[in-house]
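One letter stands for each residue in the lines below.
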Amino acid sequence: MKSFEYARPASLDEAFALLSENWGETEIMAGGTDLVTAMKQYVTEPNRVVSLRGVAPLRAINATDAAIEIGAMATLREVLRHDAVKAQFPAVVTAIQGIASPQMLSRGTIGGELCQRPRCWYFRTGHGLFAKENGEALVPAGDSRYHAIFGNQGEAHFVSPSSLGPVLVALGATLRIQKGADSRDVPADAFFQTPATEKDRETVLKPNEILTAIVLPVSGAKNATYEVRHRHGLDWPYTTASVSFVLDGGKAKNVRIALGHVAPTPWVAKEAQAALEGQEVTEATAAAAGAAAVAGATPFDKNGYKLQLVKTAVKRALLAATA
Amino acid sequence: MATPQWPKMEKRALLGKRISRLDGPVKATGQAKYAYDMNRPGMLYARCCFAPYGAMKINGIDASAAEKAPGVRAVLVEQNMIGDEVRYVGQILATVAADTEEQAHEALRLIKVDFERLDMVLDDMNPANATGKPSGKEEGTVDDAMAAAKVVSEGEYGIPVITHCCLEAHGQVSEFKDGEMTFWPSTQSVSAYAEGMDQSIEVEQSKIHVDCQYMGGGFGSKFSHDQWGVIGALLSKQTGRPVKLMLERDQELMVAGNRPSAFGKVRVAVSPEGKMTAIDADVWGTGGNGGYRMPPVPYVFEGIPNVRNKGQGIKTNRGSQRAWRAPSHPQGCFITMAAVEDAAAAAGIDALEFFKNNLDLTSRPEVYAEQLDIAAELIGYKTKAHLRGQGEGPVRRGIGISIHTWGGMGHPSNCDAIINPDGSVEIRLGTQDLGSGTRTVVGIVAAETYGLPLEAITVSMGNNKYPFSSASGGSTTVGGVSSSTRIACTNALNALLEVVAPRLGVAPEALEVAGGKIFESAKPGNSIAWKDACGLMGPNPITKQGANEQKASQDLKLIDAGVGGVQMADVSVDIETGVVTLNEMVAVQDCGLIVDLKTAESQVYGGLIMGITYALYEEALYNHKTGRMLNGDLEFYRLAGLKDIGQLKVHMMTTEKYDSRGVIGLGEPPVISPGAAISNAVANAAGVRVPHLPLTPERVIVALQKGGILV
Amino acid sequence: MADSTKTTRGSGLSRRGFLKGISAGGVATGLVGGAAVQHGKVVEAAPAVVGPGDTAIKLKINGEVKSLTVEPRTTLLDALRNRLDITGAKKVCDRGTCGACTLWIDGQPAYACSVLAIDAEDSEITTIESLGTPERMTALQQAFVNNDAQQCGFCTPGMIMACEAFLKENPSPTRDQVRDGISGNLCRCGTYHGIIDAVLEAAKTMKGGA
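Residue numbers (our numbering), protein chains in the order written: chain E, 1 to 323; chain A, 1 to 711; chain P, 1 to 210.
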């Protein structure tokens, strides 16, 4: 780890004053579970780390009839145990339970979970976000088993590592981003981006902006997450599907289906949504939606198996949501 | 007069009972100090700069900037690498010693290496890459037997390179002071640790001290002091400060040992009577930069009348292989037992029936027959078994079988047994406890021999000042130390009996010990308490030696070699995701006389879990452009967790027939079969062989798609 | 690489008018310093920036306040092991995966390798050293011994800390709950079978009022 300065501001105002407007100079630390590792791997080498532990309001979770607003510094365990979250959002509960380590749940925050860097093994061993060696992309001819099958035609081949990203997309959540006195609300699917260059990041956050809260609209929609993991305990999912829909006269409406770990961002499965919209949710329609979800996939040599996982995850998430 | 033979089963106070390990409390409270925990005054931290590519010619190493970095006290450049070729990623080029670990690590980045890239070979799945001379044999008439067979099954199998992945990394603390060098290493070989080191560090052998009371796992990778042992010592000499040098996790996984891969194409001929009549095996694999030995195929079924096998190694630009728990056996077992199960499936015969019907092709048919019955009963074979591919629905269940063998003869070991006039007793030997329970075994044998409680025994070990005991590998330690301890204690006891005999008015031959007393066998009332007896010795302690000499100890039935074991696995395969769930696994194991049933069972549970891990999760993966391990971490180099192991059942063979053979090692056998048993269970459930371990979702899905089960 | 980094730091921070780093000696443990100047105006109660060099901190470990010097980059694990000779928590993966460094921060289990020591100031840190001793073990430690839930023992302290934390929240667990609840720790020797039995035994013992 490179040496850096450290500060623990007591308020957001103080925090903003400490942040650079350029990536690479300062990093915001929430729980640190990813950042500390990323710094050890020299994935990021900030000159200053700004810890948000001292900004108490960021940890609050407020529930109303219309929405649950989760402070970005709320720990994953606090979110997991929140009564309103448990009552309304099984999709969130399943995704957090999937991060099976109690140690991770105590320290990891929801904001940090959304902003963690990709786990791509080329990225983590010094080949940059676009996984290159001497200018040549490593993933296409290399070990692509955990890489993207969607949205991988550009230079970004990694998958978004976030477990909650697809859930928030499926649930239509908004993310509150603050910069000084300015605040903006960004829909979850617009929060994530495929970086245009290696210097960019995987979210629209600017280096001197802070993700302060996640707002989950309470709509009564059915929702669920299904994860395919290799190990039964702590492991990175191979593929996840998060779904949300309203049952209107037995038919699924406002269907939202988002996939995780298959693209550089959470991936909205538009064809699958369309396939199910207006249908009853049955084994057959869920399977059809699953089959539709792989439309447009462009797997590499070693990750074609993920198509099968996508089909299954979508089907099972839809069936779980109706159960 | 006491004799060294083991007491009869009914006369044993401690042997074979379930006894908690002696160092349990100190480990469970975090007070056990491992090499990694040794903090010496003024100690420096060392970190190694390693070669980033699998094949490079090194033209120069410039450490001048690193030397000036904050906190850096010394940089040791591997001068002999300059002009030489790097053969795998992780080869050490220079080592930095600094005041703090952070400083040492950071300074590594200032070392500039001038190099040229060279071509490298990484692919071990392609037999065309083989370079070495093939080994193998042809016995009988394989082609004729194949032609005459009712069924010939054919399969491809593979088991990749995996690492030892000891939780405590390799390394040591070294301290040079007043012309003497002290090492606190993490080692499987305390007595021989410093062998061959004196010249490279210029300290004479008698001035090298080695101490290792606790060590965090070795599994065959920690026999040598290694290059880093020498580097740490030289840095300590150079700086005059103690130096801690422990490998970082990625280096640990890349350079500190791995198990050779094995791939094979195998054909098996089955007669109309369901007997295997021929096997034809083409096997290859890599030991990285190290040597390669063909794994035994056929394994256990060595009596198959017609055998042709060929083995070839592929030299790759990866770290060198080291002995990995039961070297060659898991590979030979997996390839053979998978081929055997495929043969049974091809012939449409129930696997258990097929195994039993072919046991005459093994060297211990009665043992396996008995063990197969016990295992079948424990796992509920009758109710669960079905022929391959008869499962239905998205989640399908299946059972798999495997059998294995191992030697396990006790190694050369020397022991001093000391009885003090105050009644205290001490055992000294230069062995080590890898966590297998060696310390406890020594204590139990001594206590049993003296008729004393276990708490009365002081076991002194883990230091090279004690009598030489061999390295712990190949399941040889418990046999070695229990034999040497038994003999030493018997000798010491007999000396004590000589002293006591006049007091009790009988000849020493008429005496025996039990329950803390020495008494006349024929008249137990004629007795003296142990402590009082020792009081008769005079001022000097009794010190007697004992040595385990293999032939002599075997003649005394203290030790023996050669065991059998059977394992069965019950799995579920989710054919829509490829995820394998282990429901249950059973191990039935023989290891001769059991010294401590509790730690013996732990070895078997541990072997099962380590086996489940390589069957389902472990695989060293490499960057095709650089040769660096892609998963040099514990995130994608997966180890099974608590939730992955299912329900485990262990049955030890403890009857007189097994017990009377004496002590036989147990560390290796239980880790041999899991890969085969689990792969066979998956084949049984899924209806198709998944050719390569580990059984990852991607491999299972591809196999299901190829087999037409998943479209 | 290192050179270019240094350049970035030098120009980057000063040009953008960041709060100037305050030297370690002047800061001691207070993270909230006095006023500082930014863009020519005074920011009230601006926080202190410490480091990058040696920084004096105080950590509350097992109920005792310890003063020590770390760099901001020093992890809690390295601070304990290398600065304070508290070595129960082990360094194995050093990447927040294996659990060998598990301790409690404010009563909750955490990976000490993934926490900066300086970020743990003001927290209550509990390590295995504060639980039982070999002579007076906790019910769980005794159960680990009874059930031989350890071999080489290197994962054991982290495992114990994870299991104790689990039992605090789940005093009457089922077997499956134990499997779920101890998912953040790895063992290489394969002691999980004994660990599950040990946790179940300890749960019983603890309920017995021991």
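Be aware that one or more of the hints could be misleading.
[To be verified] With a cut-off of at most 27 Å between alpha-carbon atoms, the simulated DSSO-like pairs for lysine-lysine come out as follows:
1) P:Lys58 to E:Lys40
2) P:Lys168 to E:Lys2
3) E:Lys40 to A:Lys625
4) E:Lys40 to A:Lys68
5) E:Lys86 to P:Lys66
6) A:Lys598 to P:Lys204
7) E:Lys199 to A:Lys11
8) P:Lys204 to A:Lys649
9) E:Lys2 to A:Lys68
10) A:Lys625 to E:Lys302
11) A:Lys57 to E:Lys132
12) A:Lys112 to A:Lys706
13) A:Lys265 to E:Lys302
14) E:Lys199 to A:Lys237
15) P:Lys66 to A:Lys33
16) P:Lys58 to A:Lys598
17) E:Lys40 to A:Lys112
18) A:Lys531 to A:Lys557
19) A:Lys33 to P:Lys60
20) A:Lys265 to E:Lys132
21) A:Lys11 to A:Lys544
22) E:Lys132 to A:Lys657
23) A:Lys315 to E:Lys2
24) A:Lys150 to A:Lys356
25) P:Lys207 to E:Lys40
26) A:Lys551 to A:Lys382
27) P:Lys204 to A:Lys17
28) E:Lys40 to P:Lys204
29) E:Lys302 to A:Lys237
30) A:Lys706 to E:Lys302
31) E:Lys2 to P:Lys58
32) A:Lys33 to P:Lys58
33) E:Lys270 to E:Lys251
34) A:Lys598 to A:Lys625
35) A:Lys8 to A:Lys356
It is worth saying that the hints were derived from the structure and are not from the lab. Model, not experiment: these values are computed from the prediction.
Does Lys33 (chain A) lie within 27 Å of Lys66 (chain P) when you go C-alpha to C-alpha? The hint holds at about 22 Å.
- Are Lys551 (chain A) and Lys382 (chain A) close enough, with their CA atoms no more than 27 Å apart? Violated: Lys551 (chain A) and Lys382 (chain A) sit about 44 Å apart, past 27 Å.
Exercise for review: Verify the proposed pairing of Lys265 (chain A) with Lys302 (chain E), using a straight-line Cα cut of 27 Å.
Suggested key: holds, 23 Å
So if I understand the rule, the pair passes when the alpha-carbon distance is 27 Å or less; does Lys8 (chain A) with Lys356 (chain A) pass? violated, 33 Å
field: Lys531 (chain A) paired with Lys557 (chain A) [C-alpha distance capped at 27 Å]
entry: With a Cα-Cα distance of about 31 Å, the restraint between Lys531 (chain A) and Lys557 (chain A) is violated, given a limit of 27 Å.
Hey, Lys11 (chain A) versus Lys544 (chain A), does the alpha-carbon distance stay inside 27 Å?
Status holds; Cα separation ~24 Å.
Original post:
Holds or violated: are the alpha carbons of Lys57 (chain A) and Lys132 (chain E) at most 27 Å from each other?
Top reply: holds, 22 Å
Below or equal to 27 Å on CA atoms is what counts here, so check Lys706 (chain A) against Lys302 (chain E). Cα-Cα ~15 Å, so holds.
Is it true that the CA of Lys625 (chain A) sits at most 27 Å from the CA of Lys302 (chain E)? This hinted pair holds, its Cα atoms lying about 16 Å apart.
Original post:
Is Lys40 (chain E) close enough to Lys112 (chain A), meaning Cα to Cα at most 27 Å?
Top reply: This hinted pair holds, its Cα atoms lying about 20 Å apart.
- Task: Would you check the hint for Lys315 (chain A) and Lys2 (chain E), treating anything up to 27 Å between C-alpha atoms as holding?
- Result: Violated - the C-alpha atoms of Lys2 (chain E) and Lys315 (chain A) are around 37 Å apart, more than 27 Å.
Between the alpha carbons of Lys168 (chain P) and Lys2 (chain E), is the straight-line distance 27 Å or under? violated, 38 Å
Going through the hint list in order, the structure does not satisfy hints 2, 5, 7, 12, 14, 16, 18, 20, 22, 23, 25, 26, 28, 29, 34 and 35.
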